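Colleague: The primary structure of each chain is shown beneath.
Number of protein chains: 2
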Amino acid sequence: MEKHFLTLTRLGIDTHQEPVVYMREDCHVCRSEGFNAQGRVQICAGDRSIIATLDIVKGDLLSHQKAGLSEAAWLLLKAAEGEKATFRHAPAVDSMSYVRGKLYGKAFTERGANDIIRDISAGRYSDIQLSAYVTACAASNLSLDETIHITRAMVDVGRHIKWGPGRIIVDKHCVGGLPGNRTTPIVVAIVAANGLTMPKTSSRAITSPAGTADTMETLTEVNLDFDRMRDVVDQHGGCLAWGGSVSLSPSDDIIIRVERALDLDSEGQLVASVISKKVAAGSTHVLIDIPVGPTAKVRSAELAERLAMQLTSTGAALGLTVRTMLTDGSQPVGVGIGPALEARDLLAVLQNQPESSQELRRRALALAAVLLEMGEACEVGGGMALAVRTLASGLAWQKFQAICDAQGGMKIPPVAAHTRTLLAPRRGVVAMLNNRVISRLASLAGAPNAPAAGISMHVRLGDVVDLGQPLMTLHAEAIGELEYALDFYHSHPQILHIEEEVA
Amino acid sequence: MEKHFLTLTRLGIDTHQEPVVYMREDCHVCRSEGFNAQGRVQICAGDRSIIATLDIVKGDLLSHQKAGLSEAAWLLLKAAEGEKATFRHAPAVDSMSYVRGKLYGKAFTERGANDIIRDISAGRYSDIQLSAYVTACAASNLSLDETIHITRAMVDVGRHIKWGPGRIIVDKHCVGGLPGNRTTPIVVAIVAANGLTMPKTSSRAITSPAGTADTMETLTEVNLDFDRMRDVVDQHGGCLAWGGSVSLSPSDDIIIRVERALDLDSEGQLVASVISKKVAAGSTHVLIDIPVGPTAKVRSAELAERLAMQLTSTGAALGLTVRTMLTDGSQPVGVGIGPALEARDLLAVLQNQPESSQELRRRALALAAVLLEMGEACEVGGGMALAVRTLASGLAWQKFQAICDAQGGMKIPPVAAHTRTLLAPRRGVVAMLNNRVISRLASLAGAPNAPAAGISMHVRLGDVVDLGQPLMTLHAEAIGELEYALDFYHSHPQILHIEEEVA
Numbered sequence: 000m001e002k003h004f005l006t007l008t009r010l011g012i013d014t015h016q017e018p019v020v021y022m023r024e025d026c027h028v029c030r031s032e033g034f035n036a037q038g039r040v041q042i043c044a045g046d047r048s049i050i051a052t053l054d055i056v057k058g059d060l061l062s063h064q065k066a067g068l069s070e071a072a073w074l075l076l077k078a079a080e081g082e083k084a085t086f087r088h089a090p091a092v093d094s095m096s097y098v099r100g101k102l103y104g105k106a107f108t109e110r111g112a113n114d115i116i117r118d119i120s121a122g123r124y125s126d127i128q129l130s131a132y133v134t135a136c137a138a139s140n141l142s143l144d145e146t147i148h149i150t151r152a153m154v155d156v157g158r159h160i161k162w163g164p165g166r167i168i169v170d171k172h173c174v175g176g177l178p179g180n181r182t183t184p185i186v187v188a189i190v191a192a193n194g195l196t197m198p199k200t201s202s203r204a205i206t207s208p209a210g211t212a213d214t215m216e217t218l219t220e221v222n223l224d225f226d227r228m229r230d231v232v233d234q235h236g237g238c239l240a241w242g243g244s245v246s247l248s249p250s251d252d253i254i255i256r257v258e259r260a261l262d263l264d265s266e267g268q269l270v271a272s273v274i275s276k277k278v279a280a281g282s283t284h285v286l287i288d289i290p291v292g293p294t295a296k297v298r299s300a301e302l303a304e305r306l307a308m309q310l311t312s313t314g315a316a317l318g319l320t321v322r323t324m325l326t327d328g329s330q331p332v333g334v335g336i337g338p339a340l341e342a343r344d345l346l347a348v349l350q351n352q353p354e355s356s357q358e359l360r361r362r363a364l365a366l367a368a369v370l371l372e373m374g375e376a377c378e379v380g381g382g383m384a385l386a387v388r389t390l391a392s393g394l395a396w397q398k399f400q401a402i403c404d405a406q407g408g409m410k411i412p413p414v415a416a417h418t419r420t421l422l423a424p425r426r427g428v429v430a431m432l433n434n435r436v437i438s439r440l441a442s443l444a445g446a447p448n449a450p451a452a453g454i455s456m457h458v459r460l461g462d463v464v465d466l467g468q469p470l471m472t473l474h475a476e477a478i479g480e481l482e483y484a485l486d487f488y489h490s491h492p493q494i495l496h497i498e499e500e501v502a
Numbered sequence: 000m001e002k003h004f005l006t007l008t009r010l011g012i013d014t015h016q017e018p019v020v021y022m023r024e025d026c027h028v029c030r031s032e033g034f035n036a037q038g039r040v041q042i043c044a045g046d047r048s049i050i051a052t053l054d055i056v057k058g059d060l061l062s063h064q065k066a067g068l069s070e071a072a073w074l075l076l077k078a079a080e081g082e083k084a085t086f087r088h089a090p091a092v093d094s095m096s097y098v099r100g101k102l103y104g105k106a107f108t109e110r111g112a113n114d115i116i117r118d119i120s121a122g123r124y125s126d127i128q129l130s131a132y133v134t135a136c137a138a139s140n141l142s143l144d145e146t147i148h149i150t151r152a153m154v155d156v157g158r159h160i161k162w163g164p165g166r167i168i169v170d171k172h173c174v175g176g177l178p179g180n181r182t183t184p185i186v187v188a189i190v191a192a193n194g195l196t197m198p199k200t201s202s203r204a205i206t207s208p209a210g211t212a213d214t215m216e217t218l219t220e221v222n223l224d225f226d227r228m229r230d231v232v233d234q235h236g237g238c239l240a241w242g243g244s245v246s247l248s249p250s251d252d253i254i255i256r257v258e259r260a261l262d263l264d265s266e267g268q269l270v271a272s273v274i275s276k277k278v279a280a281g282s283t284h285v286l287i288d289i290p291v292g293p294t295a296k297v298r299s300a301e302l303a304e305r306l307a308m309q310l311t312s313t314g315a316a317l318g319l320t321v322r323t324m325l326t327d328g329s330q331p332v333g334v335g336i337g338p339a340l341e342a343r344d345l346l347a348v349l350q351n352q353p354e355s356s357q358e359l360r361r362r363a364l365a366l367a368a369v370l371l372e373m374g375e376a377c378e379v380g381g382g383m384a385l386a387v388r389t390l391a392s393g394l395a396w397q398k399f400q401a402i403c404d405a406q407g408g409m410k411i412p413p414v415a416a417h418t419r420t421l422l423a424p425r426r427g428v429v430a431m432l433n434n435r436v437i438s439r440l441a442s443l444a445g446a447p448n449a450p451a452a453g454i455s456m457h458v459r460l461g462d463v464v465d466l467g468q469p470l471m472t473l474h475a476e477a478i479g480e481l482e483y484a485l486d487f488y489h490s491h492p493q494i495l496h497i498e499e500e501v502a
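Going down the list, the sequences are from chains A and B. Sequential numbering of the first sequence, starting at 0, is according to numbering that gives the first Met the number 0. Sequential numbering of the second sequence, starting at 0, is according to numbering that gives the first Met the number 0.
Simulated from the structure, these hints should not be mistaken for laboratory data. Hints may be right or wrong, so weigh each one.
Because identical chains cannot be distinguished in the list, a pair is counted as satisfied if it fits within a single copy or across any two copies.
Straight line, CA to CA, 20 Å or less: simulated SDA-like cross-link-like pairs of lysine to any residue [what the hints assert, rightly or not]:
hint	residue 1	residue 2
1	K57	L75
2	K105	A138
3	K57	E80
4	K57	Q16
5	K105	L302
6	K105	D93
7	K161	R227
This structure is a prediction, so every number in the text was calculated from the model and none was measured.
Sequences are here, hints too, so could you generate the full structure?
Modeller: As structure tokens, this is what we get:
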């Protein structure tokens with residue numbers, strides 16, 4: 000086939016993860032290949048090749064001899080300025096036929112799941128196609144078999160850490176939906192201080208105001224490469240890294256971005272995401288926290304039990320011992336909601352500060368207790384006493400500092416430039432706190448992208464408040480975001496309910 | 000709220016329908032508002048406002064005082080070069096909660112359907128959100144009520160043509176899936192020649208190599224504005240316009256683009272698309288052609304009857320008399336597949352050329368006959384004789400020319416620069432023709448974007464062919480597309496099956 004060269008140039012346009020190529024509509028390649036705006040184009044440079052979405056340029060932004068690349072396309076292709084490239088219509092993404100089939104009731108086969116996940120991780124799905132996949136998974140509950148296929152496929156396209164045969168590797172995870180439930184760093188510190196191995200990799204927030212990786216990033220470096228992470232774990236028994244930076248589940252990061260844009264989590268995809276990361280990280284024993292409450296991600300004990308079964312069974316199919324813990328999901332856990340605010344909470348617990356969140360402390364201890372028993376650091380039944388001792392003695396705080404130092408040094412979490420405290424409009428009892436609306440409010444204030452942004456909660460369920468008493472404080476890095484969050488607060492009275500006391 | 004101005008500039012980047020805004024990451028607006036790549040931003044200029052997706056620029060493509068707009072954003076905002084604009088986080092698209100609800104089994108309410116369609120037609124959905132909506136509709140068969148809600152909402156956001164009370168307005172539609180089934184222009188000519196009013200608006204191809212609008216565009220102007228279309232119809236009783244250019248169903252054009260990218264049609268969305276356009280066009284009596292065949296869009300008589308019921312009932316709910324005709328969908332209809340090639344076929348029928356496609360002629364007559372009866376241009380039972388007379392006498396051809404002249408003059412369809420004839424690899428009987436693979440082949444050759452591109456079929460089912468006898472000819476405007484189509488042909492033997500004759 001006749002070759003059509005253009006010279007590549009980096010335009011410096013950040014289109015997030017979707018690779019985009021820019022070409023003049025009247026360049027010889029567009030004319031001879033018959034390319035159209037938003038078409039999918041295969042770009043080959045040397046022995047490298049990617050698929051990108053085409054944006055057509057009409058003006059003088061580009062010369063006829065050049066093709067511009069977005070940042071994602073530039074990095075994915077590993078292009079060099081001035082390098083020659085050829086262009087052709089991207090072959091149809093055959094695995095989309097499995098996505099279409101799923102919509103018409105055909106379950107994902109092992110082959111289908113493999114092909115879809117391989118194409119996604121290779122960047123072959125456009126955003127429109129990714130959205131269809133995510134939506135198809137949400138539209139029907141994936142069966143256990145389908146979930147296992149997807150999970151295994153996600154493990155296969157990522158890296159797999161081996162810690163040595165026969166070694167117990169513990170891990171924990173929370174399915175999310177509960178603001179301020181930042182137990183993980185405390186649990187890692189307690190467990191690792193007792194000699195267990197807990198190489199924790201966390202994701203960033205999907206639809207919440209902070210993920211553990213977002214919070215830890217305000218305290219230390221979390222973008223550890225593979226070798227660095229292994230060093231930290233070998234030295235200290237634990238780490239607190241971002242999963243994406245070690246490429247444990249590259250397809251998951253792509254899928255999560257689209258789920259976030261749609262504000263959509265599907266059960267099967269959630270199970271696949273959690274278990275694939277645990278298997279890839281080489282875990283053997285995993286404890287999963289499932290908060291249950293009317294405004295948590297999981298709304299009823301029935302749904303929680305189904306999810307627990309899926310997690311346990313999918314884990315077992317992939318050789319993992321999974322235990323689940325159903326916890327109270329009726330209100331936020333710590334005081335802070337947002338990366339830096341949650342970091343302050345967990346420091347207070349680790350440092351045994353008297354004003355620290357007792358709820359956060361209690362939950363972290365309960366989870367650590369089970370993991371100490373699963374990892375055989377103590378007798379069955381002895382986990383709680385050991386966990387309490389480890390925290391109270393300062394050993395957990397020492398371990399946490401050692402891990403942060405090894406990851407690149409401890410940082411002080413940032414403080415927001417703009418705050419506003421919201422006051423009780425009347426006297427009464429705090430009868431309801433809506434986790435979803437509170438999370439959304441913290442997101443609008445800028446969390447997690449603005450790490451100092453979020454909310455401090457000044458009340459808990461059942462508290463009696465006076466007229467004018469502080470309910471919560473909004474924190475924002477930009478004044479626009481503060482004002483936007485305030486607008487939202489005032490237009491969403493269902494965020495919390497103060498019941499007037501009957502005399 | 001503090002105002003953040005930037006000056007607008009047209010970058011000349013065609014991102015198709017999704018509005019995109021480009022800003023420097025270090026400009027004061029991005030910094031103060033906390034914008035991120037791929038975030039959704041509301042842009043206000045004067046009293047106009049749009050929502051656009053943000054692409055962040057890192058280099059010197061833009062100055063700090065400027066925000067660049069893509070072509071879609073520029074036109075939607077009706078911006079002027081150098082105009083000042085303000086920027087804020089786009090409010091959450093509340094109607095997405097109905098899309099999410101649908102995924103979890105909650106049917107679309109009237110309110111939900113209205114909100115979704117209003118937001119889509121106003122350009123408030125990102126491509127990722129549009130894809131979720133289209134996928135959600137495909138994932139579950141919309142109920143009749145849901146389909147009616149969506150249809151009515153689509154009518155409400157578009158323009159509605161009124162032709163005068165009590166007047167009969169006939170129309171026809173084909174649900175598609177059958178290559179070369181280009182009966183509409185012939186039917187319009189026959190029906191209008193008999194004094195009926197048939198203001199035909201057609202869509203462009205969704206996933207097929209040509210829509211009626213694509214074909215008619217090779218013969219005359221189809222981008223008629225509203226007043227122009229009314230003039231043509233008042234004068235000649237009929238027109239053959241592109242529906243999108245008269246804004247009859249603006250939401251449909253947006254939805255169709257995403258369906259095309261996903262290669263996905265949902266039944267409910269199909270019904271809503273068809274009926275909303277007919278109601279908006281002021282039709283009173285509509286005939287719908289439903290081809291049925293193993294490789295047509297509708298694969299079984301059972302599915303066809305369900306679709307027919309949905310079309311008839313949805314039409315009735317919106318005050319429309321709908322009749323359906325189930326037709327043979329086992330092979331392409333005319334000789335040509337692709338805009339210009341189909342145009343040549345219909346000209347041959349209208350001109351009573353002896354070598355014209357008899358199958359195309361017979362189908363157009365059958366449809367015209369029913370419409371003549373529905374529109375009371377003749378007694379029940381007299382439609383076929385009248386249709387045949389109108390075509391044979393040349394009256395239909397005269398009417399067709401008059402309509403094309405009124406729309407802007409007749410053009411000669413273009414001829415492809417590159418052709419390749421494919422030959423029978425052995426002697427035998429043509430036992431199977433795969434409509435889907437044939438359509439895909441024509442698309443890869445460039446149809447409908449390259450109007451001269453497509454396929455001429457030289458054989459029909461049951462034909463006996465010799466070794467080396469021509470089966471079909473590929474037509475392409477670009478050599479790259481011809482070669483790409485050839486690759487596809489040679490790698491897809493299921494496109495047609497030649498059964499060896501048993502002696």
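Colleague: Could you check the structure against the hints above and give me the numbers of any it violates, in ascending order?
Modeller: Every hint satisfied by this model.
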